[in-house]
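Asks: Work from the hints to combine the two standalone chains into their complex.
Note that the protein sequences, when read in sequence, are chains B and D.
Going by this note's numbering, the first sequence opens with residue 8, and the numbers climb by one from there.
Going by this note's numbering, the second sequence opens with residue 55, and the numbers climb by one from there.
Take these hints with a grain of salt, some might be off.
Straight-line alpha carbon distances no greater than 30 angstroms define the calculated DSSO-like cross-link-like pairs of lysine-lysine that follow [what the hints assert, rightly or not]: (1) Lys64/B <-> Lys130/D; (2) Lys130/D <-> Lys111/D; (3) Lys111/D <-> Lys135/D; (4) Lys16/B <-> Lys135/D; (5) Lys122/D <-> Lys111/D; (6) Lys64/B <-> Lys16/B.
Residues from chain B that keep clear of chain D, each with C-beta distances beyond 10 angstroms, as calculated [to be verified]: (7) Gly23; (8) Arg29; (9) Ser31; (10) Asp36; (11) Leu37; (12) Lys64; (13) Arg70; (14) Phe71; (15) Ser72; (16) Pro77; (17) Glu82; (18) Glu89; (19) Glu109; (20) Gly115; (21) Leu121.
Keep in mind the hints are simulated off the structure, nothing from the lab.
Beta carbons are placed, not taken as given, at the ideal position from N, Cα and C, and that holds for glycine.
If you want the building blocks of each chain, they are given just below.
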Amino acid sequence: DSGVTQTPKHLITATGQRVTLRCSPRSGDLSVYWYQQSLDQGLQFLIQYYNGEERAKGNILERFSAQQFPDLHSELNLSSLELGDSALYFCASSAGASLVDEQFFGPGTRLTVL
Amino acid sequence: GQNIDQPTEMTATEGAIVQINCTYQTSGFNGLFWYQQHAGEAPTFLSYNVLDGLEEKGRFSSFLSRSKGYSYLLLKELQMKDSASYLCASISGGYNKLIFGAGTRLAVHP
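For reference, chain D alone in the conformation it holds in the complex (with noise of 0.2 angstroms):
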């Protein structure tokens, strides 16, 4: 079956680091996706991986291990602003499916 896991909720510092997890079980993987979404608005785009290795966007980076199932979003020197959930999410199946993880819930403490 086709499934996602990453971490319910996440704390962190103003100014640090932090990782977010994501590993999945999917057949015909095509592909994987980052969206921010703040509380009461709509998901926005952050990256979109399909080869292993890292990208970087600014202070946002996600990575991708196809061997392994796993990927992660790292974000750098840490806003109160970041403060959202982080969705990741898979495209398997010939381009034709799409599933999200439930999300990971961020905290961006001063």
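Bound conformation, chain B alone (with noise of 0.2 angstroms):
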């Protein structure tokens, strides 16, 4: 158990649809990243929060988006869903704001989108 968690850890929905997919990082970690891992593409950096502030971006779509509240939990919410979207979205936290600090990634969501 990483101390990470994640809900829901299934959620099946129609395609146009939108969902909200939340993550509690561990005690004391600042950072929170969210992933997605998809058959076809492997995994794939989506965002990092640090203390309530965007701090790098991967290869997120602009259907998707994300904030961290001031308790620090994180919200990614992924609207106008297509099929190609299933997949399993993993958050990950860290004491740090760097991409290196060692992550602890939560059991994941898995999505899917019908």
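Replies: Structural data, given as structure tokens:
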């Protein structure tokens, strides 16, 4: 158990819909990272927040957005969902602000878009 | 552009040694990670190399050559539980870009 929690564990929805994935970092960690892992694309870094501010941005689509709240939990919002958005979405956390800090991953949310 | 290559699959025998290679082409390289990921589970951190050379951590070692754009993960005394995917990832572009390879699926046989 990494100490990072993600909800929900599974999510099934339809194309065109909008969903919100939630992540709580390990106690004391200030950075939260979001990743997408699909069968054909592998693991892709989406975005990092540090202490409430966006810190680094990867291959995040414009239909996707994230934020980190004052209590440091984070939400990833996915809108206008497409079949290709079906994937495992991981959240990770680390103590510091740098991408080189060791990250601890949550168990993931499996999103299925029908 | 940014690119990371690693073999798709490898097999090895319990008790043996296996080396998983990773080559990268990234601008502004700032280091390379190795992660282990069991099927259906989250990745777990194995190592981070930023300087040339070998870093050893128990049965696992990781090597980096910045001039050659090359890294490898060495697993010794293989155990069945080492059957997993191994992901290499590079950090570049002023510590703002994190790119993962597609992963190497390792199967350890008795």
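Asks: Just pull the numbers of the violated hints for me, sorted ascending.
Replies: 1, 12, 19, 20
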